[in-house]
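Protein chains: 2
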Amino acid sequence: MWIVRVDMSDRSYRLQDVSAAYKLLGGRGLTSTIVSEEVPPLCHPLGPNNKLVFAPGIVTGTSAATSARISVGGKSPLTGGIKEANAGSSWAPAVANLGIKAIVVEGQPKDKDKYWLIHLTWDAQAGKPKLEFLPADEYTGKDLYEVFPKLYARFGVKANIAACGVAGEYGYGNSGVCFNDMHQAPTRYSGRGGLGSVMASKGLKAIVADATGGPGVTIVDKALFDQGRKKLADALRSHAITKPKGGLNSYGTAILINILNEAGGLPTRNFSSGRFEGAAKIAGEAIFEGNKQRLGKELYNHACSPGCIIQCSNTWYGKDGKEQVSCQEYESVWSLGANCGIDDLDVTGELIRLCNAYGLDTIEAGTTLGVAMAAGVIPFGDGKGAIKLLHEMGKGTPQGRILGAGTATTGRVYGVTNVPVVKGQSMPAYEPRAVKGIGITYATSTMGADHTAGYTICPEILSVGGKADPLSPEGKAALSRAFQATTAFIDSTGHCLFIAFAILDIPSGFEGMVEEANAVLGANWTGDDVVKVGSAILKKERAFNEAAGIGKEADRMPEFMKLEPLPPHNQVFDVPDAALDSVYGEL
Amino acid sequence: MWIVRVDMSDRSYRLQDVSAAYKLLGGRGLTSTIVSEEVPPLCHPLGPNNKLVFAPGIVTGTSAATSARISVGGKSPLTGGIKEANAGSSWAPAVANLGIKAIVVEGQPKDKDKYWLIHLTWDAQAGKPKLEFLPADEYTGKDLYEVFPKLYARFGVKANIAACGVAGEYGYGNSGVCFNDMHQAPTRYSGRGGLGSVMASKGLKAIVADATGGPGVTIVDKALFDQGRKKLADALRSHAITKPKGGLNSYGTAILINILNEAGGLPTRNFSSGRFEGAAKIAGEAIFEGNKQRLGKELYNHACSPGCIIQCSNTWYGKDGKEQVSCQEYESVWSLGANCGIDDLDVTGELIRLCNAYGLDTIEAGTTLGVAMAAGVIPFGDGKGAIKLLHEMGKGTPQGRILGAGTATTGRVYGVTNVPVVKGQSMPAYEPRAVKGIGITYATSTMGADHTAGYTICPEILSVGGKADPLSPEGKAALSRAFQATTAFIDSTGHCLFIAFAILDIPSGFEGMVEEANAVLGANWTGDDVVKVGSAILKKERAFNEAAGIGKEADRMPEFMKLEPLPPHNQVFDVPDAALDSVYGEL
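These protein sequence lines are chains A and B, in that order.
Residues in the first sequence are numbered from 0 upward in steps of one, following numbering that gives the first Met the number 0.
Residues in the second sequence are numbered from 0 upward in steps of one, following numbering that gives the first Met the number 0.
So here's chain A without its partners, still in its complex pose (with noise of 0.2 Å):
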């Protein structure tokens, strides 16, 4: 397999042989350690030492259940700090099949206003991949949803998409790296942390990989991938949330809206209630029961990307009864709804429509909107208003510039001091005044606040993998380290996060994830390696962010949730700080 390492100064690249440090490394592991080892922490993000790197997991493009995840990683616009961000997207194992471990994009042309993409294929003469850079500018300055039919249309059916969007082009702190979903629509995100202005900042609008022909990923014990294989997928097939026609598959992800705000955890009109009137309006059942009613039948989710066994995302119907937009997740339908005290599916699937149309992150982009109806820009509520936004962060207007740099930037460009964001990146769908363990992982991951980097919420709120009160924060420190070692872990073999509501409850379906990465790698990782190597990482990503001046006093709650109680449990965030300090000093 090979490193590909890609000079935008001069459009050239090198295949590299996979060091023997970097073997046993893919997803989140690998970006981390190449960002963490090579990118000076203090540079500019957006200037020529940054570096972006695309890495898909280690059973990423085996038949591995549920793993088509691609970790894209680089020093982050918005916080500052590292940054991994990951999606599920046929784009993964396409690059995995190419025999590609990690895509190295480095440099920046002197012309900033040219843009480019890479033609990426198998060449089966050389017996390797091959890259070609392509002129890209007629795909700037546009919507996804036009650009990627063009390159569909120029590169084939089989191709597979990365991309930037205009909010990349422009530089925004809310850029994503986009991807095609199965219905080679730009809907699939790494969005968290502006690594789409990174992309644009080299000159590089996309990435076209097509992986015909391409040698596959090597399994170095077969017998034991199908085991490990087989008792995972078993796993997925029988865990309530994950299993086909289960929580996930039937209601997606906003299954979570009605459960959190029952347990007075769902962040309502920026972070001022954990309780919104209207969540059931805007909920996983609502949706379901909406395209039943447009449709005239019940319509299940489908994938993101192949091999899933899950099956979460949903498609939202307009009232024509024509697809409006894929996917209304629980994140995008709270940060866009609730949290706006919007409660209208067809206004929350607009936003999301026009966020992907841009190439924003639908959770910053609905906290942005949050803290800028604290400041009266609109009212809150005003689901008009909140488009036209939308469409003035498409257009980069001085209005949409200001929302586009991030909740953090629009805070300080309003004078607003309750704005929930930590290390300079906003926080997603739960209220850590109401959910302890949430927020220690908020304060303190590596990223910035991210709900993905240490999901307390199964026990706290889900009774998935035990049961803690979500209100105390007693046990939380240790919890939340826990959970960010073990997803460091996950976030590197290429599987999809969810997975983890099936290997909390059962044993072997844990086992089953570790058995396929051994088999792929040659390795001979326990369970409780798990945790050992998702620490090594944590440890490399929390080093960057040191070297990066972001240290221990970053690690702490915005301070308005620590004075102002939340409605309904009256509480605040009272977490010490000597447990969050414990999180990362106990590592």
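The set of hints was computed from the structure by calculation and includes no laboratory data.
Do not take every clue at face value.
Since the list gives no way to pick one copy over another, a pair counts as held whenever it fits inside one copy or between any two copies.
Said to hold, decoys possible - As a list, the in silico BS3-like pairs of lysine-lysine whose alpha-carbon atoms are at most 27 Å apart:
#, residue 1, residue 2
1, Lys-394, Lys-383
2, Lys-318, Lys-296
3, Lys-280, Lys-296
4, Lys-242, Lys-466
5, Lys-538, Lys-551
6, Lys-561, Lys-111
7, Lys-318, Lys-291
8, Lys-387, Lys-321
With chain A fixed as given, assemble chain B onto it according to the hints.
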């Protein structure tokens, strides 16, 4: 003497006796002590837990020459660290002569849209200062050139005014606290670091101080005071830079334009060159000649505040022979002129007037325009465009808010890599690649990039207090450290920093400064104590910053200054990190 504690949450106040620990403190030493002891380092700068501290210097209010400085302190919305910004104004001695050592403004009202002013007078009957809280909504949303006359009309000509402008009301990171000059105009600023917003966040529009009947400043040893006062005054009257009809009195601070341009250290067009072809047209000499032409006579400068010997403030007269603005300072004509590619004093005059009107720091405003020009918002050299943008800032439009948030935020919003800031505060008028010592001060100062924090320009450019090669990094860390510590002492005495020109070259002047302070306080400081006392202040400030998450990784130049050689010397900023770390490491 008293510390006045103002609580804006219920508009109450109390007078505290000065504790033993505060007896020897004044000015910056006192504001930084109070802030570091009482303000939670991680609080939101615009939230209820920040404090705004006003402290006249130790000798302010006495007859000591050039000593009418007021220090304003708090946690900075611009840097997130501790801030002290001082200004010369009759407001300073007025407060001192009321027997007040500091005013500490705490809390904030529930109703965030209502503003108040404090009328501060002497209560002869009670024998102590008296504060009245009066509604001030009628003064909000207005040009300060409109507000100040209204306040003088209401409170009389003996009033002295401290106020924030609309920039503060909007919560801008660029917002100063404005004080009256000798002509009752709103032209003297504690400009840097956004303290105007802190004032506004407390619902405090103005503090109107009238010292009539006040007890004056107690001097413990009058004979020593007279001796010291004479020594310092003699030095000021004899040094070429500070004497009547000397450099500053003739040409103002803008005398430095030609000197820095010649040295290749005048930052031009957003720090892309050290030389500006239009420098001579905006230099102090051009101001002098321009006024002479328009008035038909030579005009020497005036004092910004009572008792100043140096008298460096100019007034610029427009084409119609009428006063346009005071004061075209070096920093202002540089930032709004050379740094924007503008070579027209009528344009810089108007831009400065608008900064005064709206409550903006001219340095931050000009560097922000420079970054906006680099981003292509308007072209370099576009004076009309610059004036329009200043008006946008005054109106609080989205475009104006971006710029009002300051240089660093504007850089983020437009995705600009070449942003001349340290710790979020923009660099003043000396190019660190051409003058290495001042670059070390920018990098390491507790205040963010700040020339007044350690003005090594004296030996590096002006041959004052010795001589040092500006292009060499050798020995400059120690030089900056010594200047930073000495400056912290001067900023505590209440003397204008410009006494440094005289006291660096004339030892008796230096002695005089120390003797004045000893005489007022009954202290026994020697010349050697100056650095010790100053260092103790710096250590407090540094500790606050570290607790706020601003450590040594923040003591660094922006990356572009290390990568891109600056014409005409084609040098990068080559001071090693270890040298930067030694400034505070060896304090």
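Evaluated hints:
Taking the shortest alpha-carbon separations for Lys-394 and Lys-383, both the intra-copy value of 17 Å and the inter-copy value of 25 Å come in at or below 27 Å. In this homomeric assembly, Lys-318 and Lys-296 come within 27 Å of each other (Cα to Cα) only inside a single copy, at 15 Å, whereas the closest approach across copies is 78 Å. In the homo-oligomer, the alpha carbons of Lys-280 and Lys-296 lie at most 27 Å apart inside one protomer (19 Å), although the nearest pairing across protomers, at 77 Å, exceeds that limit. With identical chains, the CA atoms of Lys-242 and Lys-466 are at most 27 Å apart within one copy only, with a shortest distance of 21 Å there and 78 Å across copies.
Taking identical chains as interchangeable, the C-alpha atoms of Lys-538 and Lys-551 lie at most 27 Å apart whether they share a chain (13 Å) or sit on different chains (20 Å). Within a single copy, Lys-561 and Lys-111 get their C-alpha atoms only as close as 44 Å, which misses the 27 Å cut-off; across copies the closest is 20 Å, which meets it. Proximity of Lys-318 and Lys-291 under a CA criterion of 27 Å is satisfied intra-copy only: 12 Å inside one chain copy versus 75 Å between copies. For the homomeric pair Lys-387 and Lys-321, the shortest alpha-carbon distance inside one copy (22 Å) is at most 27 Å, but the shortest distance between copies (47 Å) is not.
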